[in-house]
Amino acid sequence: MAALADGGFVIAWRSLGQDGSSYGVYAQRYDADGIAVGGEVLVNTRTSSNQLEPSVAGLSGGGYVVIWQSQFQDGSGRGVYGQIYDASGSAVGAEFRVNETTAGDQDEASVAGLPDGGFVVTWTSASQDGSGDGVYQRRFAADGSPYVFTPTFVEDGAAVTIAPSLQLGDVDSATLAGATVAITDHVAG
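Note that the working numbering gives residue 79 to position 82 of the sequence shown, counting from 1, and the numbers run on in steps of one.
Please keep in mind that the hints were generated in silico from the structure rather than gathered at the bench.
Just so you know, nobody snuck in bad clues.
For each label pair, taking beta carbons as the anchor points, the in silico distance ranges come out as: (1) Ala0 x Gly90: 19 to 27 Å; (2) Tyr144 x Trp10: 27 to 35 Å; (3) Ala29 x Ser128: 40 to 48 Å; (4) Gly31 x Ser57: 20 to 28 Å.
All of these numbers come straight from a predicted model, not from anything done at the bench.
Idealized CB from N, CA, C, for every residue including glycine.
Could you put together the complete structure from these sequences and hints?
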């Protein structure tokens, strides 16, 4: 669930079989009084295999962005995808891939809006850093175009499961100063 600039909120969830395949990602907007605005919306364009684990963030321009993991869409295991919506709830452009590396699994994504209307996404990537799962981050402009600089956060260690959660307080969106990536680290054994 994410708060919207107009005082309303949006909820995103996964639903089994509703999109004609396995799991799909859906969203519903509500006004400040908790009244549904329009109907629920299928977020993912690709409906084969599974689209799971959505994360949603309100954007300063009044819209929102939904991020999720999609199975086999990037030519490998799982990848992270997103869709931007404007303040009226209409999709802005097509769904897009967040992760640049496609080998293995990229999942457990989290998204947060930035003051300039853009957003930042974190996710885990299996074996991309050469030692288990690493945590990665990518920043996007309000129109969904990625910034060239992609900071990387890496967790070393064998048999490590990492689940990122992104919290942004007073953020200088030009440098991401004030951004915090919280990592939960579970070591087997």
